[in-house]
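Construct the complete structure from the given sequences, taking the supplied hints into account.
Note that the protein sequences, when read in sequence, are chains A and B. Sequential numbering of the first sequence, starting at 73, is according to the numbering used here. Sequential numbering of the second sequence, starting at 822, is according to the numbering used here.
None of these hints come from the bench; they were simulated from the model. Heads up, some of the hints might be wrong.
List time: in silico BS3-like cross-link candidates among lysine-lysine, alpha-carbon distance up to 25 Å [claimed, not checked]:
id: 1; chain 1: B; residue 1: LYS824; chain 2: B; residue 2: LYS864
id: 2; chain 1: B; residue 1: LYS869; chain 2: A; residue 2: LYS191
id: 3; chain 1: A; residue 1: LYS188; chain 2: B; residue 2: LYS1166
id: 4; chain 1: B; residue 1: LYS1076; chain 2: B; residue 2: LYS1135
id: 5; chain 1: B; residue 1: LYS869; chain 2: A; residue 2: LYS188
id: 6; chain 1: B; residue 1: LYS824; chain 2: B; residue 2: LYS1058
id: 7; chain 1: B; residue 1: LYS1095; chain 2: B; residue 2: LYS1058
id: 8; chain 1: B; residue 1: LYS1132; chain 2: A; residue 2: LYS191
id: 9; chain 1: A; residue 1: LYS186; chain 2: B; residue 2: LYS864
Okay, the calculated beta carbon distance ranges per label pair [said to hold, decoys possible]:
id: 10; chain 1: B; residue 1: PRO1010; chain 2: A; residue 2: LYS189; range: 15 to 25 Å
id: 11; chain 1: A; residue 1: PHE171; chain 2: B; residue 2: ARG1015; range: 18 to 28 Å
id: 12; chain 1: A; residue 1: GLY103; chain 2: B; residue 2: GLU1059; range: 53 to 63 Å
id: 13; chain 1: B; residue 1: PRO1010; chain 2: A; residue 2: THR99; range: 25 to 35 Å
id: 14; chain 1: A; residue 1: GLY121; chain 2: B; residue 2: PRO1011; range: 40 to 50 Å
Virtual Cβ for every residue (Gly too), placed ideally from N, Cα, C.
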Amino acid sequence: MSFQPLHFYQTGTFTIGNRLLGEEDRTVQAGIRRTNSLNSGHRACQGCGEALGARFAIDAAMNAARGRLIAANATGCLEVFSTPYPETSWQIPWIHSLFGNTAAVATGIAAAIKVKKQKGEMVMYASLPRAATAVPPISASAVCPGCSSATTTSCISATTTAAT
Amino acid sequence: MLKQTEGSHAVAEAVALCRPEVICAYPISPQTHIVEGIGEMVKSGELKDCEFINVESEFAAMSVAIGSSAGGARTYTATASQGLLFMVEAVYNASGLGLPIVMTVANRAIGAPINIWNDHSDSLSQRDCGWIQLFAETNQEALDLHIQAFKLAEELSMPVMVCMDGFILTHAYERVDIPTQAQVDRFLPPYEPRQVLDPAEPVSIGAMVGPEAFMEVRYLAHAKQMQALERIPQLAKEFEACFGRDSGGLIRGYKTEDAETIVIAMGSLLGTIKDTVDAMREAEHGGHKIGVLGITSYRPFPLAAVAAALKNCKRFVVLEKSLAVGIGGIVATDVRMAVTGMGLKGYTVVAGLGGRAITVKSLTTLFEKACREELDLVSFLDLDWKVVNKQLERERTTRRSGPAAESMLRDVGVIAARIG
Chain A
73 MSFQPLHFYQ TGTFTIGNRL LGEEDRTVQA GIRRTNSLNS GHRACQGCGE ALGARFAIDA
133 AMNAARGRLI AANATGCLEV FSTPYPETSW QIPWIHSLFG NTAAVATGIA AAIKVKKQKG
193 EMVMYASLPR AATAVPPISA SAVCPGCSSA TTTSCISATT TAAT
Chain B
822 MLKQTEGSHA VAEAVALCRP EVICAYPISP QTHIVEGIGE MVKSGELKDC EFINVESEFA
882 AMSVAIGSSA GGARTYTATA SQGLLFMVEA VYNASGLGLP IVMTVANRAI GAPINIWNDH
942 SDSLSQRDCG WIQLFAETNQ EALDLHIQAF KLAEELSMPV MVCMDGFILT HAYERVDIPT
1002 QAQVDRFLPP YEPRQVLDPA EPVSIGAMVG PEAFMEVRYL AHAKQMQALE RIPQLAKEFE
1062 ACFGRDSGGL IRGYKTEDAE TIVIAMGSLL GTIKDTVDAM REAEHGGHKI GVLGITSYRP
1122 FPLAAVAAAL KNCKRFVVLE KSLAVGIGGI VATDVRMAVT GMGLKGYTVV AGLGGRAITV
1182 KSLTTLFEKA CREELDLVSF LDLDWKVVNK QLERERTTRR SGPAAESMLR DVGVIAARIG
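This is the structure in structure tokens:
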């Protein structure tokens, strides 16, 4: 590909991205198999490690769960930069409760899903393409490199609605 | 069906009849038997389609409840005392998010000094947390209030605490009428969440809210409680139509029509007060014109209903199992607000802290003094002034007077055996 300068206006937001390019010209960040569950337009600093890490962790979980993913997010940068009311970057169901209870909240969500499935109230949602041979995780965590407020190692607990 | 059973077990059966879907619990006296009872029902298969989760703390219990309620499941937990305090951050969060969790609080004192017996310090410390708080007078009412609580919580999408006196109710075996599944199903429809974590319709729950809307969101919690003021009496009527029992409501008067003195209280203490009042009304005991007002709904506090109930009396006594250190009464402060401008004489009496027995004998003397308007503004029922004064004197004279509780126990002489 020949040299092509990128401009902010190409993305429609203030983030630098290359989603407007053809598939073959895109970087890994903008690959068409990315789920963009944490969508562009949020308020993280450009190049924020936490946003990058979160996107990869969520992509892995989304692929494993075939798109049926619910995220529980601890209080911290990620929660703040992704949601200031009334905006949200989250394209998946997402909950923020407190700083120190994310895993427990995810446990509760998983319990609710289990009962709903048992009762046959769980709708089977449209699936996204599944990545190679990923094993469905029951939780995924994203650490926040360089995040000054991250005193916990897990900022996100994700819970899957997959049957397995 | 009539059954002779423990209060905790009656509540466990009531909760099971409400078809809960997720129950998370951490044991703490005097609440433990309730969740143990439900746990047994889940294990035996008697309670189907219900996840029972043992968690590592009360903080986790409320957090799991937040997750499961946001996941669309009817959710229940129970706690008491230190456990309630340990989950406080999540208690506020549950109401802030508007999640209709139902929680039993088996009322128990708060330490230090550590004490497992009954008073109302625990749930009253959470008066501003945004949860509705209903107080049961009897085991039957505790059972009934749980069924009403799920309906109220889910209609408003706000959490409800059902408070019952630890040990006095939770551990008392008495007759209760346990409704049938069909009755409960007729009264309580399946849970339809206002908000749910659903991959088909993703929402973000718990977003940050700045000064531009924070007050409005908080006001909404107040508006919900004002709606509850309307709904609670209606629910009691609907409950009566369904179950044939008068249970719940905002307040409950007893012989208040002609009463010049009205005693106000919450919880199981009302039984002892009614017995005392019955006796004092008899001619040979002075024929006192005295009545009782029980407060069932502590939050929202029924200001108008309390004012209406007190409009014909001359004086009132708020007898409460709680102490607002540095001012006196907690419930009394709310009652005084209710009667603003009515020109009534009001007395706060702190009683029964940490399980101190409240006897008919002490109440009779107290109420007689109240009728003569000889009570102090704030007083402490059956306080052992000798022990208190001795400790105060010790602290005046000795710099290193040592731990107060231990010194006072030594003065009392019978360690941990004096509750009467």
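Evaluated hints:
no.: 1; hint: B:LYS824 - B:LYS864; result: holds, 22 Å
no.: 2; hint: B:LYS869 - A:LYS191; result: holds, 9 Å
no.: 3; hint: A:LYS188 - B:LYS1166; result: violated, 56 Å
no.: 4; hint: B:LYS1076 - B:LYS1135; result: holds, 14 Å
no.: 5; hint: B:LYS869 - A:LYS188; result: holds, 12 Å
no.: 6; hint: B:LYS824 - B:LYS1058; result: holds, 24 Å
no.: 7; hint: B:LYS1095 - B:LYS1058; result: holds, 24 Å
no.: 8; hint: B:LYS1132 - A:LYS191; result: violated, 53 Å
no.: 9; hint: A:LYS186 - B:LYS864; result: holds, 16 Å
no.: 10; hint: B:PRO1010 - A:LYS189: 15 to 25 Å; result: holds, 22 Å
no.: 11; hint: A:PHE171 - B:ARG1015: 18 to 28 Å; result: holds, 25 Å
no.: 12; hint: A:GLY103 - B:GLU1059: 53 to 63 Å; result: holds, 57 Å
no.: 13; hint: B:PRO1010 - A:THR99: 25 to 35 Å; result: violated, 52 Å
no.: 14; hint: A:GLY121 - B:PRO1011: 40 to 50 Å; result: holds, 44 Å
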